[in-house]
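Visitor: Read off the chains here:
There are 2 protein chains.
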Amino acid sequence: MANEIHFQEDAASITDPKGFYAAASHADVRKKKDHRLDTGILFSRPPCSAAGVFTLNAVKAAPVLQCQRILKLDTSVHGLVVNSGNANACTGEQGMKDATAMQVEAEKACLAPANSFFVCSTGRIGELLPLEAITKAISSAGDAIRSGATVGSGFAQSILTSDTRPKTCTASFRIDGQTVTISGVAKGAGMIQPNMATMLAFITTDIQADSTSIQNLLNEVVKETFNAITVDGDMSTNDTVLILANGESGCSLNASSEVLFKEALFKVCDSLADKIVSDGECITKVVEINVKGADSDTDAENIARAIGNSLLVKTSWYGNDPNWGRLIDALGYAKARIEQELIDLSYDDVPVLVKGAPIPTNKAQWRKCVSEPRFSININMNVGQGSYRLRATDLTEGYVNFNMSE
Amino acid sequence: MANEIHFQEDAASITDPKGFYAAASHADVRKKKDHRLDTGILFSRPPCSAAGVFTLNAVKAAPVLQCQRILKLDTSVHGLVVNSGNANACTGEQGMKDATAMQVEAEKACLAPANSFFVCSTGRIGELLPLEAITKAISSAGDAIRSGATVGSGFAQSILTSDTRPKTCTASFRIDGQTVTISGVAKGAGMIQPNMATMLAFITTDIQADSTSIQNLLNEVVKETFNAITVDGDMSTNDTVLILANGESGCSLNASSEVLFKEALFKVCDSLADKIVSDGECITKVVEINVKGADSDTDAENIARAIGNSLLVKTSWYGNDPNWGRLIDALGYAKARIEQELIDLSYDDVPVLVKGAPIPTNKAQWRKCVSEPRFSININMNVGQGSYRLRATDLTEGYVNFNMSE
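Chain order of the listed sequences is A and B.
Residues 1 to 406 (my numbering) make up the first sequence, in order.
Residues 1 to 406 (my numbering) make up the second sequence, in order.
These aren't lab readings, by the way, just hints derived from the structure by calculation.
Among the clues, some could well be false.
Copies of the same chain are indistinguishable here, so a pair counts whether it falls within one copy or spans any two.
Only pairs whose alpha carbons sit at most 25 Å apart, straight line, appear in this in silico SDA-like list of lysine to any residue [what the hints assert, rightly or not]:
| id | residue 1 | residue 2 |
| --- | --- | --- |
| 1 | 335 | 356 |
| 2 | 31 | 361 |
| 3 | 262 | 104 |
| 4 | 223 | 45 |
| 5 | 355 | 297 |
| 6 | 33 | 405 |
| 7 | 355 | 58 |
| 8 | 223 | 341 |
| 9 | 108 | 404 |
| 10 | 355 | 114 |
| 11 | 368 | 274 |
| 12 | 292 | 94 |
| 13 | 72 | 176 |
| 14 | 368 | 380 |
| 15 | 33 | 278 |
| 16 | 368 | 11 |
| 17 | 355 | 176 |
Note that the structure is a prediction, hence the values are computed from the model and not measured.
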């Protein structure tokens with residue numbers, strides 16, 4: 001069937017789009033003497049146009065600065081190299097040298113031209129990379145790439161930190177007799193309030209597109225997907241989303257393909273964002289907060305984030321407690337126009353407040369909603385047209401325990 | 001000795017200033033059939049000038065609105081009535097009626113004129129007060145007041161919620177042969193990022209002062225004390241600080257007494273603010289974050305709050321982990337001017353970063369600092385003259401467990 005997007009998660013690989021290769025290796029970045037994959041390469045033999053979205057944190061890790069430098073050159077790229085376990089953030093000049101060294105080593109290992117690779121790191125902040133070990137691992141992953149490795153599962157493993165599972169998906173559609181494929185791979189799972197968060201996401205596609213068009217589409221889609229999740233309200237120094245488009249499908253991004261392409265890109269990003277939030281550190285619940293009728297989209301976002309980041313709200317979710325008073329308290333300190341006596345609020349479709357007045361007879365149903373692993377909070381401020389959707393998590397003793405030690 | 005402030009905490013009572021009475025009673029607001037004091041009255045026979053500072057939360061509890069109404073009348077007041085266990089917040093018109101009923105009952109019980117009492121509530125949000133039981137408790141506390149009760153300890157108990165201990169202190173000084181006394185009583189302990197937080201603080205003094213002068217002084221002092229603490233980053237619907245000045249000392253607030261009075265008021269508020277943060281829900285550490293050299297005081301405050309409210313920073317404190325990378329990450333997403341390569345940072349007086357570069361040889365000393373129940377984080381941004389001091393707490397599994405259930 002034409003004009004239909006085929007979407008898959010289970011057997012998806014970042015190498016599903018034509019012409020992409022991936023491999024991973026072990027540099028023992030964490031010095032744990034295990035065999036954990038921690039260094040990955042993604043490669044396209046045909047040159048790609050590329051786009052990226054990066055953390056807005058004023059403190060940016062060295063690889064983020066390096067990616068931004070590469071993007072600015074506006075030349076073709078061929079791939080990226082990434083390590084987990086060490087973020088190469090707050091590492092000063094040596095960090096910049098190390099990021100460049102990783103990039104150069106990967107280009108060499110893949111026989112790619114200079115300045116054609118992005119470089120990413122994720123993990124602990126403030127320590128220098130074990131560069132020698134990473135260099136060896138890059139070289140070994142490069143050997144696999146040159147021999148034609150197209151298995152993305154090792155790559156998807158190699159970028160993980162506190163994630164409990166890899167995160168990949170693939171969307172494809174047919175147009176004008178050709179198949180266009182978009183694949184993504186991502187990692188979470190703490191320091192997640194992207195804008196971007198300690199989050200990396202890499203997207204490959206075989207559509208033909210110029211970098212400006214693809215950057216514009218990426219900006220639009222990231223805003224409503226990766227940037228609309230929160231685990232702990234902390235925005236990382238390393239958040240990066242990169243997309244590489246190599247044109248191998250034979251189909252171009254144009255007026256007739258753009259709607260489908262954007263829809264497929266949205267599906268990929270939305271699915272990865274959901275995978276990140278639902279694999280948040282030691283969480284037990286994902287809560288979708290839908291705010292509408294706010295004075296502006298910004299007001300709606302402020303309200304959703306105040307609720308989704310409130311410790312008291314998050315702990316009550318963990319305890320299956322429909323404590324709407326804490327929701328309203330958080331809403332009240334959001335920077336937004338609030339007319340308390342106009343607010344409609346429901347858990348899923350069960351009313352909690354109607355025009356500001358509680359419906360306490362629904363209490364048993366509220367409790368049933370918030371006891372589920374997924375539920376939604378739907379708020380109509382009834383003062384305007386602004387809306388926002390945020391996916392948030394609960395806060396557990398496990399999160400505290402997990403993050404209290406190095 | 002003249003011009004010296006005498007300060008005491010252990011035997012302090014809100015009735016230390018001349019002419020103040022206090023009593024407490026039990027209304028079983030929590031329906032636990034225990035004997036917990038939960039209803040209190042504070043009374044001055046001589047009329048008082050008064051001032052107040054209230055939550056900036058857009059959702060204000062009924063008693064907050066009622067206090068603001070009373071203050072606006074700018075007439076003399078004689079006291080206040082308070083209950084714990086139920087915040088009378090998000091309770092609509094009935095909540096306003098109940099707040100007024102509490103006030104009227106207290107005025108009646110103390111034989112005080114109409115509109116001469118403040119009313120405060122603290123506790124769970126979104127449920128109606130058990131008014132009949134509270135009315136009886138007010139009447140019984142009124143009996144004690146009329147028979148001359150001046151023991152503040154029951155009153156200090158009656159306002160507590162999740163606090164583990166009462167919080168009182170008294171400062172006094174002599175001037176022109178007379179003694180001026182200021183006493184305060186407060187409660188925390190969750191939903192604490194005052195501005196104000198689920199925090200109540202009541203201050204009595206026997207100085208003679210007009211309400212405008214005392215309001216101005218209160219505003220200045222609260223900004224640097226109660227408003228500069230955070231336990232969980234949640235700002236409550238009920239935060240209230242009230243001061244009553246009855247003039248019984250025979251001394252007036254004037255050019256010669258103002259410096260000492262302000263210093264004494266600061267001591268009282270600062271001590272109560274410290275008692276609130278150090279009795280935060282299930283905390284194990286109090287951390288003073290001192291930011292200086294910021295582009296503005298607002299920048300300094302944004303930096304301090306980003307750090308003090310970061311879940312990852314707070315959990316690392318709990319774990320005695322000198323994870324400065326998380327500090328710098330939080331600093332990086334604060335809305336402030338940041339020149340990473342200029343930042344000086346230390347734990348107590350042990351350098352962590354000097355001009356942005358880490359001093360890893362100090363690591364053992366960092367760990368010693370952050371293992372203490374109190375330590376400071378001192379940051380010089382080296383870009384301007386802005387400064388801010390915030391007292392924050394760690395985040396523990398106990399906090400999550402405590403707040404997950406009703």
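Visitor: It remains to establish, for every hint, whether it holds in the given structure.
Guide: For each hint, the structure was consulted:
no.	hint	result
1	335 / 356	within (19 Å within a copy, 33 Å between copies)
2	31 / 361	between (57 Å within a copy, 20 Å between copies)
3	262 / 104	neither (33 Å within a copy, 63 Å between copies)
4	223 / 45	neither (30 Å within a copy, 61 Å between copies)
5	355 / 297	within (21 Å within a copy, 39 Å between copies)
6	33 / 405	within (19 Å within a copy, 42 Å between copies)
7	355 / 58	between (41 Å within a copy, 16 Å between copies)
8	223 / 341	neither (31 Å within a copy, 30 Å between copies)
9	108 / 404	neither (40 Å within a copy, 53 Å between copies)
10	355 / 114	neither (62 Å within a copy, 33 Å between copies)
11	368 / 274	within (23 Å within a copy, 40 Å between copies)
12	292 / 94	neither (47 Å within a copy, 28 Å between copies)
13	72 / 176	neither (33 Å within a copy, 73 Å between copies)
14	368 / 380	within (22 Å within a copy, 50 Å between copies)
15	33 / 278	neither (29 Å within a copy, 42 Å between copies)
16	368 / 11	neither (34 Å within a copy, 49 Å between copies)
17	355 / 176	neither (51 Å within a copy, 58 Å between copies)
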